[in-house]
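**Student:** Single-letter residue listing:
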Amino acid sequence: MNRQLTASRALQEFRNNLRQAPRRILESAFRSGRPVSDRARALFVFGNVFLHLHPVRVHRWSLRWTTTLGLGVAGAAAFLLTLVTGVLLMFYYKPYPDVAYQSIKDLHFVVPTGRFIRNIHRWAGNVMVVTVLLHMARVFYTAAYRKPREFNWLVGLALLVLTLALAFTGYLLPWDQLAYWAITIGANIAQSPRELTDALGITSWFDPGGLQRLLLLGSDTVGAEALIRFYLLHVMILPLVLAALLAVHFWRVRKDGGLARPPDADRRLPPLPGNTYPVFTEAPQKTYQVVAIVRGRTPVVGAGPENTLPSMPHLLYAELAVFMLVVFICLALSLAWDAPLKEIANPLVPENPAKAPWYFLGIQELVSYSAFMGGLGIPLLALLGLGLIPYLDREQEGTGEWFAGPGGARLAGLSALFGFAAVVAVEAFAIRFGWIREWFPEAPQLLVTLINPATLLTLAYALFSLWILRRYDSVRAGAVALFTCFLCGFVVTTVIGTFFRGPNWVFYWSAADWPAH
Amino acid sequence: MTIRAAGTRSRLDPEPVARRDVLGLASLLSAAAALLLSAFGMLRLPKPGVLASAGKKYRVSLPEALPAGEPYTPPGRAVALFRDAQGVWAVSLVCTHLGCIVRPSAQGFECPCHGSRFGPDGSVIKGPAPKALPWLKVTASGGGFLVDEGATVAPGTRVSS
Chain A
1 MNRQLTASRA LQEFRNNLRQ APRRILESAF RSGRPVSDRA RALFVFGNVF
51 LHLHPVRVHR WSLRWTTTLG LGVAGAAAFL LTLVTGVLLM FYYKPYPDVA
101 YQSIKDLHFV VPTGRFIRNI HRWAGNVMVV TVLLHMARVF YTAAYRKPRE
151 FNWLVGLALL VLTLALAFTG YLLPWDQLAY WAITIGANIA QSPRELTDAL
201 GITSWFDPGG LQRLLLLGSD TVGAEALIRF YLLHVMILPL VLAALLAVHF
251 WRVRKDGGLA RPPDADRRLP PLPGNTYPVF TEAPQKTYQV VAIVRGRTPV
301 VGAGPENTLP SMPHLLYAEL AVFMLVVFIC LALSLAWDAP LKEIANPLVP
351 ENPAKAPWYF LGIQELVSYS AFMGGLGIPL LALLGLGLIP YLDREQEGTG
401 EWFAGPGGAR LAGLSALFGF AAVVAVEAFA IRFGWIREWF PEAPQLLVTL
451 INPATLLTLA YALFSLWILR RYDSVRAGAV ALFTCFLCGF VVTTVIGTFF
501 RGPNWVFYWS AADWPAH
Chain B
1001 MTIRAAGTRS RLDPEPVARR DVLGLASLLS AAAALLLSAF GMLRLPKPGV
1051 LASAGKKYRV SLPEALPAGE PYTPPGRAVA LFRDAQGVWA VSLVCTHLGC
1101 IVRPSAQGFE CPCHGSRFGP DGSVIKGPAP KALPWLKVTA SGGGFLVDEG
1151 ATVAPGTRVS S
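Protein chains in written order, with this note's numbering: chain A, 1 to 517; chain B, 1001 to 1161.
Worth double-checking, as some hints may not be accurate.
Mimicking SDA-like on lysine to any residue, the simulated pairs with C-alpha atoms at most 25 Å apart in a straight line are [unchecked claim]: (1) K1056/B <-> L381/A; (2) K1056/B <-> N346/A; (3) K1047/B <-> L162/A; (4) K1131/B <-> T455/A; (5) K94/A <-> S1053/B; (6) K1131/B <-> G201/A; (7) K355/A <-> S1105/B.
For the record, the hints were derived by calculation from the structure and aren't laboratory data.
From a predicted model like this one, the values you see are computed outputs, not experimental measurements.
Can you build the whole structure from these sequences, using the hints too?
**Tutor:** Quick look at the structure:
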């Protein structure tokens, strides 16, 4: 009798627990419960492995649209999109010459939703390049790279290079004419230090260019070896490194005290609108204590917590909005324009004109004057200069504000004017009158490598920036001048390369003027 | 570092370099050296020892009716062969700038990628190409010609059949 009773009680408990199981599984996964109290909202963020890169509270200055324009989050969102669509494309893609082209054709014409997924992948990649570039410009023009955020600027530069490398390696994979010749050119740019070593006559025992090309292609021509290498880089090595650095980048944003803001941000923020909810009004009634000693200033020193809002929902919902906007843009672009696919690669007949993806056309324009200077020398110099900016500009004026600091927006406008005029003048001269090789065919190559439109333009920009630096007596002013000039140079050369270069890389006002084949 | 006579040092004074530090530093350095060495070892793998590209030496038989100064490109090869009264020569069609395939034209050769132009002998006359198009080694062989893309000869070298 007794035993029967216990048995039925256990049975009842079993049934009870079974009924409760779904709720308890959910509770055990999301221990903080619904984010309805300040405590639960805080737990929601720091109790979640994917969200804990966020702070629990975020300053209201960081939440203004104009502080960041959401560009960094947009870049990360585009990366997520490429990640998901890229894995889907891997279901069908086969990295072997000719077969690769057929598999992309299959994706395009046969695989259900294949064309759409490939379009999204392509467009999200483009959106990522654009947003990453704009994000860098935002950080620069708000002087947000300054102490203690110098290192994160360097991580950001590495992410920019990785983004471009991912875009470039993905370009070969379809194995069409577009891909084949862009990669041939890219691989030969890697080899372009030979232009210098040949001119100095030391290539036979010191040949970094040849080694770079060999490592990139795994052979002396673009073939199966090159394709598998680019594939490996594109789907494995570069995304892994990028994801790791991305985590560092986000983490440092928080550890460096949130986004940069002016010292008087608290005073300048308007009072919180009355209908803002939640605002940490239900905070536990106890005093704050120091729970860890962190080097440098913490985000709340001297400001008090009153100008911060809980990240859940204020920050997370804003990020979600940016994410949805990026998804919408990529989907809309993918519906409107298909990713290109030309004829199958033909190693004997280059495309004419053979153009790289648009973000490299500025470099291609420079390369048409000197392979080494345009392809490696000047880009590396620009990267070095960008990396040094936060270590050279140790000023404080204007941190966290658009176009603040010495010179302000007027200086940026002036620099844009100069940068634009200089690049147009140099390009117009070279297009109209040619360059050294046409005047003196016997001129030594070293002369052409050192003195060409690309190097002269760089020199003009550098001199202009030095002059600005002296005139405003501020390193920041010089940096603004240089950055703006390079931005103008990048935009103008990219536009020329994209729209005004036709067959044989000859300048044409419009594609309608191209000679008929 | 000051050196004191033995015995003057109190046992409470810190050692100049603690024994633990020496051992710790040594292990750290050896770990760094091992990592560096293994990194070099790992980088050695992607540098191929044998190239998986097509052979660079091949036989060509020129068409009988090839006019003097007209280019002849063997199918599948980026080489132009010419013939005149003095003999036969071969010019590589791989642009010395960034590796595009140049097209023979009336004035010499034109590159479609970045606008380099070369004279009939391969010398640069315009554009960014840093070097002349190389002349390749040609040897007469049983009525036809053997072209070796791996070997260059001085411009102007002709081979008579």
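**Student:** Now tell me, hint by hint, if it's right for this structure.
**Tutor:** The hints, checked one at a time:
1. K1056/B <-> L381/A: violated (38 Å)
2. K1056/B <-> N346/A: holds (18 Å)
3. K1047/B <-> L162/A: Judged against 25 Å, a Cα distance of about 22 Å means the pair holds.
4. K1131/B <-> T455/A: holds (20 Å)
5. K94/A <-> S1053/B: holds (20 Å)
6. K1131/B <-> G201/A: holds (13 Å)
7. K355/A <-> S1105/B: Holds - the C-alpha atoms of S1105/B and K355/A are around 22 Å apart, at most 25 Å.
In this structure, only the earlier hint numbered 1 is contradicted, and the remaining ones agree with it.
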